[in-house]
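Student: Spelled out from the first residue to the last, the chains are:
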Amino acid sequence: MDLHKLSLKEQLEGLKNSEFTSVELTSHYLKRISDHDEKFNSFITVTGDNALIQAQAADERYKKDKSLPLDGVPIAHKDIFCTKGVRTTCGSKMLSNFEAPYSSTVYTKLDEQGMVMLGKTNMDEFAMGSSNETSYFGPVSNPWDTEYVPGGSSGGSASCVSAELAPIATATDTGGSIRQPASLCGLTGIKPTYGRVSRYGMIAFASSLDQGGVVARSAEDAALILEGMSGHDPKDSTSLKLPSPDLTKNLKNSIQGMKIGLPKEFFEKDMPSYVEQSIQEAIETYKSLGAEIVEVSLKNINLSLPIYYIIAPAECSANLSRYDGVRYGYRCEDPKDIEDLYMRTREEGFGAEVKRRILIGTYALSAGFYDAYYLKAQKCRQLVANDFTNAFESVDVILSPTTPGTAFKAGEKSDDPTEMYLQDIFTIPANLAGLPGISIPCGEHDGLPLGMQLVGNSLEEDKLLQFAYSYQSNTDWHKKMPNI
Amino acid sequence: MALSDKELKEISYLARINVKEESFSSLKKELEQILTLFEELNEADTSSIDAMSHPLDLSQPTRKDEVTEENQRDELLKNAPSVKSGLFIVPKVIDGEA
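Chains as they are written, first to last, in my numbering: chain A, 1 to 484; chain B, 1 to 98.
Chain B extracted, bound-state conformation (with noise of 0.2 Å):
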């Protein structure tokens, strides 16, 4: 299994992490050893098997449509690396004059 840097790039876009150049050569090998782990799985007959995608077969829980949380604006904000008038602060998103 070969990773091209190409398709390195537009992973490491979906996933929003920046991966420096240098780096591509030896995190390719790393996930091309995993990669190849995976094709085990293509022994396994699956074709009458149905998705498992948790272990427990529940449904979603409901409850009623009650305020169980209360407000805590100002505490919630104290995490954040930056903040505005009780805004969370990013750089510009949309280009174009104010």
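This is chain A alone, in the form it adopts within the complex (with noise of 0.2 Å):
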């Protein structure tokens, strides 16, 4: 039996019902990371022998009829979140020998309710990329075509779900690393409230914006887990005071008369027309399954850019201070005095995209400079924030493109940093305003998938999903997978 063709949600009823065992479908997945992704290289650290372990422990479990929630079923896990007695790279040289001495609060809910950690995916460094070919551990290609890229920063948990090396995968959002990856690799992403998933253990990159999520197949699988790795967490004073919401209460229901907003800003952009073509089809289909189309503004969504390029390197160039060649990671050889320590070690710990952000973010924040950027940035930042609340005044969602086009070739924006942003342009306003956002499957060109996004209301994941849901009912571009 192909075990990789069922959805998760089947693999676990397949699990209930005795028609395979956790181990067989661990082997299964086990083997396919070993067959295949030498191509992708989408995984930096495969944990075969502990996904063994904990899958007998999960059939154990099922045998005497005290199975957990999602008893069985394996996951990757981003290497980003860290895992106790597993090494937490970050897909960095600076972090490349790094055993957390403590679990993400990610990883321990999904442990806690029997999941099966496959590995840790590639990522780009420090989750700072849209492309994955910033990570140390070299880049990640994209299974429908392995010239070109997957997206980043969570390229490796999108090319391993989408390459059917396991069924699903954690991932996270700073400014559209569930999102647009999952748009490049076919998949469904998403990017929940910001504070309804613990960033305990997640190493940070951008603290007001960073999120995790996860990249899965489809929005009832995506459902299933978001659901297990959301809740109140007292060890992140930044999360939400909420119990872990229901997602799958109003998967199911109809979108009969509810809004979809169309900002009128995005599409005013010139995009390629197979982008338009696609999109206004599933503005069709959504017409048909009863949804009312209604056209928004949110005028200053073109500031979202150079707002999020303004806040995110500053407070990565904070977060990342903390790598000084003294407590953890990697430290330069023979050092002569403690500056040359520092100077050296993060020169040559960080690579270049990492350390462009830090400059530009020690720049942001330095004297004679804090008002006429940073804080200017987050101004325009509120800006941003009340054009949604407006919009959600009167839509119950707001559909766009996920990215501006397919996934493009390895190496072709790697010369020009800002050329490489504008993929991330329809993305980053959610991470802005701290709202939830889906990609899904809706279209392909010359052979490569693209994704259409939706952006919900506060703590609207549940609604985001439903739609998400309906569309999937009624369409098969999330069923196509790339012949690997």
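The set of hints was computed from the structure by calculation and includes no laboratory data. Since no wrong hints were added, every one of them can be taken at face value.
Derived, one-sided and incomplete: chain A residues facing chain B with beta-carbon distance under 10 Å: (1) Phe98; (2) Leu359; (3) Ile360; (4) Gln378; (5) Ala433.
Every residue, glycine too, gets a C-beta built ideally from N, C-alpha and C.
Bring the two chains, given one by one in their own frames, into a single complex with the hints.
Tutor: Put into structure tokens, the structure is as follows:
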């Protein structure tokens, strides 16, 4: 049986009904990883032995009729989530030998519900990038065509789920790092409301923007796992004091009479005709399902990119100051004094993009420039957030493309950082406002998939998933998988 | 937006990242491109807007002052590049005669 062709939900049911064991399911994926991942480089660390121990324990629980909610289903974790006993690199030379002394809440929660970790996925260094080309562990390729990038920063997570080397993977999103790779790899990727998923043990990039989520093959699978990893965590001071939301309750409800907003500022942009066509077709599908289409205005949305590229580097320059070569991580050889230790450790331990962002952030926060850059950006951020608040008074979700096009070739945008940054033009606004966003496949061009994005009001992940499920029940885009 | 060599040196020192002289010109070009992007914000009228520092309007949560973490010094020191007698070792920080 091709176990990897079953949805995650079907796998869970198969385990419950003793159609196969977790050891069989886990071994099946481990074999696929060893057979295929050389082409994609989607894993930094494969934890096969551990996975089989976890799978055996799950099978024992099934036998004793004491199974856990997600028992025995495999998952891959982005290598940004700390896992005790297994190294956590964040895609960087700086942490290439780092073994966290504790586990992230996301890992712990899913582990406690019985999920089996297959390994840790590749990513752009410290989650900074949109092509997964900045990893110290080498670039990741797109399973749809290995000459193309999978997107980033959660490129390894997207690549391994798309190649069906894992049924689902965790991911994180600071400016689009879940939704953009989901779009480029033909997957469903959801970033919840800021504060839904604990950031404890999730290595920090930009703390007011970072949020964990998942990349999956369908809205139904994504709902199941996102629900399992959400909820209040006293170890994260920015964690929302709310219980884990019930994301499957309304999933199959009709969207009849609900309203979709189309931000006119997004649709005024020049976009390739195939993007426009796919989005128009998706809109037609939604109309046929009974949704009402309303034009909305997000008049400050064009400020999002510069706001993001001030705030994210500013926060990153503060967060990454902890990598000093003293307490953990890389240290340069033979430092002649303490300054030399800091300066060379950070020169040698960080890659080019990370250094660029730390320098930009340092500049933006430095005396004399703070008001002009950081403070101005924070004020503009409020303008963008206000636009969303106004828009959600009249609509349920906001629809746009996820990315300006399908995947690009490796190396194509590496020379010009600002060209790469444009990848996230549609996804960044949701991070600025702290809102949930989802990308779902809605078309293809020249054999490469393309996604559309839905952004929801604060705490309305359930509504996003309902819209996504409704679309996926009436279309087949999400069922297309690459031939690997 | 042009950066001088002196400014780049100052930023790199503030960030404690050594930048080799030969990469000054290419790095300056990249940083200038990014800084130019920021100029778009000048057009926005923010005179009556408060700064948004965070997506959540939260006050700092508090908890009872109880010990929740056990001492795991040895575990934490395992990741350190240089350790002696339970201490992190770095090059001499203060000059002068012993």
